[in-house]
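**Q** Each chain is listed here by its residues.
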Amino acid sequence: MPDEPLVLGIETSCDETGVGLVAGTRLLVDAVASSVDEHARFGGVVPEVASRAHLEAMVPTLQRACREAGVAIADVDAVAVTAGPGLTGALLVGVASAKALAVSLGKPLYGVNHLAAHVSVDQLEHGRLPEPCIALLVSGGHSSLLEVADVTSGVEPLGSTIDDAAGEAFDKVARLLGLPFPGGPYIDRAAREYGEVTIDFPRGLTSGRDLQRHRFDFSFSGLKTAVARWVEARERSGEPVPVGEVAASFQEAVCDVLTQKAVDACRSRGVSDLLLGGGVAANSRLRALAEERADRHGIRVRVPRPGLCTDNGAMVAALGAELVRRGRPASALDLPADSSMPVTTIVA
Amino acid sequence: MLLAFDTATSAVTVALLDGVDVLAESTVVEPMRHGELLAPGIDRVLAAADVAVGDLDRVAVGVGPGPFTGLRVGVVTARTLAMVLGIPAVGVCTLDIVAADVVVGEAFAVATDARRKEVYWARYGRDGRRTEGPAVVKPATVAMDGPVAGQGPQLYGELFPRAVEPRFPSASALGRIVETGSAELLAAEPLYLRRPDVSPPSAPKPVS
Ligand SMILES: [Zn+2]
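Going line by line, the protein sequences match chains A and B.
For the first sequence, the working numbering gives the first residue as 1, with consecutive numbering after it.
For the second sequence, the working numbering gives the first residue as 1001, with consecutive numbering after it.
Quick caveat, the hints were computed from the structure, so don't treat them as lab data.
It is possible that part of the hints are untrue.
What the hints assert, rightly or not - Pairwise CB distance ranges (calculated): (1) A:75 to B:1130: 55 to 61 Å; (2) B:1194 to A:229: 38 to 44 Å; (3) A:232 to B:1130: 56 to 62 Å.
Model, not experiment: these values are computed from the prediction.
For each residue, glycine too, the CB sits at the ideal point set by N, CA and C.
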């Protein structure tokens, strides 16, 4: 392997067909085709629609990535692909394509964990990952707090959501407020425009007894119900629903809990670097609040730019490159797609 | 050199052909593991015949109809190989591949498992040419006393009492009909025959 191996990464765990090319920690290209518009009218990702879209987008996205990076596919030194967690049918399109690449190029294949890839991607922007670090990964599919001792072999889950993912709560509240799918960016904007927090929505798993059992876990279903009740009461009284006001107060409740627990995790583990990732990490309030709170305790916060927070192939390539650099063993060709791959498994 | 494979049924079948000579073949019948079995199968036939992947000049894939997840594994594999190697990928209806191995000397049908109490089905003349289908149908609507290949007769014995071989497509048959020019060539595009299962979400349920 060359010093800066050229690694191609494929991501198809949900509704984005992503292909990234990375040389060492240098991002060459991040090509993404999204089927999000096809899901919008259903208010959520429809697995079969996503899988069909992945199949159609796979080869064109591979070609576009190579073209934009100015590399020939034959120059690729290793192929990495998300093996899980995610939607099985969607994962399988990427995994099968990655295997065909590995076979036809005669290069090693790494079937990697999607969450570890979210952690690795920051290397492409802010240089080598600080290890250990605490990672807060929040999206429509996951809400996890991880302690990362070694992103290629040692990731320990500290907590995760016990019901809805944070991004799911954003989508559901957006729907209640008549905002489009996916809800995150619209809630962020409406909240920013309104500018203040006036409604005291509940913060799940932050009270004394809950904290004992679920110190680093999240729960957003109670919050979602509280928002729905509040909106319904308004509707019943015949008054218009103040979209910005509800959005701002809801968003604050989510960000408050996420950042509180993330900073608590850093302090309790004696870790001074906090990394944010996942689609919800693109939320402006989450970033601001995390920095403000971490700063008070001398904790550094790293957040990749929004395009790298959402699902993409570059993050998979970034992890693949790190696996190559650290000499980790590659996957076998009978690598399965594992919809519930545990975060403790980095390479399948 | 032609690499042929089909993943549209419970069989994952791969063959390597030089003209109509089958150099190596690998078939494993195991449902739901297409994603795991196909690439090792390809690797195996290439190794068994001692052929380098760069020596391939065409890829042929069964494009269904068949269960979507397995079907896509085959199609995306064919398309990716074709892209990397700069060679064409052609598709053939999976029911035609099954039909190519039927030897009965009379008209027959092929019926494979479409789940949900339906079959993927097509009818063939005595000369082996497809005369009806492919379609996804309730088996009762196409019940027949004549010969039926595919898994249909194992699943619906009362409706298809006369089972004939084969039950599954073979990649060597796929390769053979492509090489002899007797196959109807299609794009490497799945024959889904069904629209995706989606229902728009209902209005948010009141919580109080
Ligand atoms: Zn993700």
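**Q** What are the numbers of the hints the structure violates, in ascending order?
**A** Violated hint: only 1; rest satisfied.
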